[in-house]
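Mind the numbering: the sequence shown is residues 7 to 484 in this note's numbering, read in order.
Among the hints, a few may not be true.
[To be verified] DSSO-like mimics (lysine-lysine), calculated; alpha carbons at most 27 Å apart, straight line:
#: 1; residue 1: Lys222; residue 2: Lys294
#: 2; residue 1: Lys37; residue 2: Lys300
#: 3; residue 1: Lys294; residue 2: Lys354
#: 4; residue 1: Lys310; residue 2: Lys354
#: 5; residue 1: Lys354; residue 2: Lys419
#: 6; residue 1: Lys222; residue 2: Lys354
#: 7; residue 1: Lys294; residue 2: Lys310
#: 8; residue 1: Lys113; residue 2: Lys294
#: 9; residue 1: Lys33; residue 2: Lys300
#: 10; residue 1: Lys113; residue 2: Lys222
#: 11; residue 1: Lys354; residue 2: Lys33
#: 12; residue 1: Lys300; residue 2: Lys310
[Claimed, not checked] Derived CB-CB ranges, DEER-like:
#: 13; residue 1: Lys37; residue 2: Phe315; range: 33 to 39 Å
#: 14; residue 1: Leu314; residue 2: Lys222; range: 16 to 22 Å
#: 15; residue 1: Glu335; residue 2: Ile289; range: 33 to 39 Å
#: 16; residue 1: Asp293; residue 2: Lys33; range: 19 to 25 Å
Source of the hints: derived by calculation from the structure; they are not laboratory data.
Think of the CB as a built atom: it goes at the ideal place given N, C-alpha and C, for glycine as much as any other residue.
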Amino acid sequence: MSFWTILFTAVISGFIGTLILTPFIIKLGIKLDIVDHPGVRKIHKTPIPLLGGLAVFITVAILAPATDHFFIKSGLSFNREWIALLGGSFIMIMLGFLDDRIGFGAKEKFIFQFGAAILACLMGWRIESISLPLIDGSIELGLISIPFTVLVIVGTTNAVNMIDGMDGAASGICLIAFAACAYIFWYHQRIDYMIVSLLFTGSLLGFLVYNFNPAKIFLGDTGSLFLGYNLALFALKAPSLKTPDGEHFINSVSLFVTISILFYPILDFTLAVIRRTAKGSSIFRPDKSHIHHKLLTYFSWNPKISVLFIYFLGLCGGVCGIMIFRRNEGGLLATALLYIGILLYIYKKFQYREAISEITKLQKNKTKTLLHFQKFMDLKLELVQNVSEVEHLLQWVMEENEIKGLAIRMDDKIIIQLGDEVLPEQTDIKFSLTGIKGTIYFQYINKEFYNAELERELCLQTICQNLNIVLSQIEIKQ
């Protein structure tokens, strides 16, 4: 069959599939009460069903073998790589579903994400070498091949998850990226990969009917994790394929092809990491400084224009990735100039320079505040007479430092336990100090997404040292 026949069949099949299936998923989300409620960081004003990723997953999973068997007959075979793709996708779907349903912490998500990524690596989806532009040959990764690939897959998965903050943003960017992958697979005559890429493209196009502003359904973590995982694998596979007879295709700019295809998610993720690291918070702690938040402000809170600009960024990345893949020197130059231009535009218009300067000032003020806080605590500790007064003082420390659970043990006995929840026995001991009446252990856990910076940890350690002296002096009921 001709390229255009395959293109039409796969894209239209995927489009119709999600167009029909999504209304049922909307009803399912409402029935199970898996919805996204309005909030400070949210644009929508009414609850919106999640689980949109289920519509895309079911459509692609059913239509991939069906489209190939009945129309294209390319011999789509479920080898080790396809089994890993399906298995990893199922892990991501279940992880996303449970996260949308009951909520997971960052650690729990990472465990499943790394598991799915390792599965993909062991079954053939891995980067064995990378090539850079204008350099002959390639760099063999050797022993770091698997860990490097795992980090790329997990990083891309979370990058796509992060950009899912505006109606149609993540689904549209993924649509463009899968379309770019489909072209590269077609160029390599790998019809099996091309079919699945086009099915993703068509399915996301059908999903956008319901997901574009004003959205009737969101991807949710079910969709963003699933799409991020698959996009990572396809963007890595596209520029580093083999022909059916086993001959290797050597793409001298394969790494830049992948980066270009994933340009917008990588850009937003990188800026988020820099921004949150500078603030001393966890890179997974939500904020309102993503590119889509800046665009909403810049375009007077017009979500449609904002998301179309995001599509433009994604389209630039996809087209430039294809030009680099075709080894077009003009395309490589155009890509470099375009990227530099976009980054300078964002840096200037969205006031990132001012933001970085402001963050630096805040960090200096934080250090001064912590020093005053520490001195104040030292003075207060000198006045306490009993354990009850110590507990009252520690409650205030917890509020000021976003600690949700705290325990102090003397040898094997808990003498103080405060907070919203009981600390698990395996909670790490933050400080261990030897007092007159025995060894005192200090344990605490921070609130979700909160990552205390070094200065705050040192401040708390000093407070605990002084508290150790106080507890050794006052009467403690054993």
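Problem - Lys37 paired with Lys300 [C-alpha distance capped at 27 Å] - result: violated (34 Å)
Problem - Glu335 paired with Ile289, Cβ distance criterion 33 to 39 Å - result: holds (36 Å)
Practice task
For the pair we were handed, Lys33 and Lys300, check the Cα-Cα distance against 27 Å.
Solution key: Not OK: Lys33 and Lys300 at ~33 Å, beyond 27 Å, violated.
Problem - Consistency of beta-carbon spacing, Lys222 to Leu314, with hint 16 to 22 Å - result: The hinted range 16 to 22 Å holds for Leu314 and Lys222, with Cβ atoms some 19 Å apart.
Exercise for the section: Please work out if Lys354 and Lys419 have their alpha carbons no farther apart than 27 Å. Expected result: Distance ~57 Å between Lys354 and Lys419 Cα, so the pair is violated.
Handout entry: Hint consistency between Lys354 and Lys33 [alpha-carbon to alpha-carbon, up to 27 Å]
Key = The given pair, whose Cα atoms are some 44 Å apart, is violated under the 27 Å limit.
Exercise for the section: Decide if the proposed pair is consistent with the structure: Lys113 and Lys222, CA atoms, cutoff 27 Å inclusive. Expected result: violated (31 Å)
Handout entry: Hint consistency between Lys294 and Lys354 [alpha-carbon to alpha-carbon, up to 27 Å]
Key = holds (18 Å)
Problem - 27 Å Cα cutoff - pair Lys113, Lys294 - result: holds (22 Å)
Problem - Restraint status (C-alpha distance of Lys222 to Lys354 at most 27 Å) - result: Violated, at about 34 Å.
Exercise for the section: Return holds or violated for the Cβ distance of Asp293 and Lys33 against the range 19 to 25 Å. Expected result: Hint violated: Cβ distance 33 Å, outside 19 to 25 Å.
Exercise for the section: Would you mind confirming whether the straight-line C-alpha gap from Lys294 to Lys310 stays at or under 27 Å? Expected result: holds (18 Å)
In summary, the numbered hints that this structure violates are 2, 5, 6, 9, 10, 11, 16.
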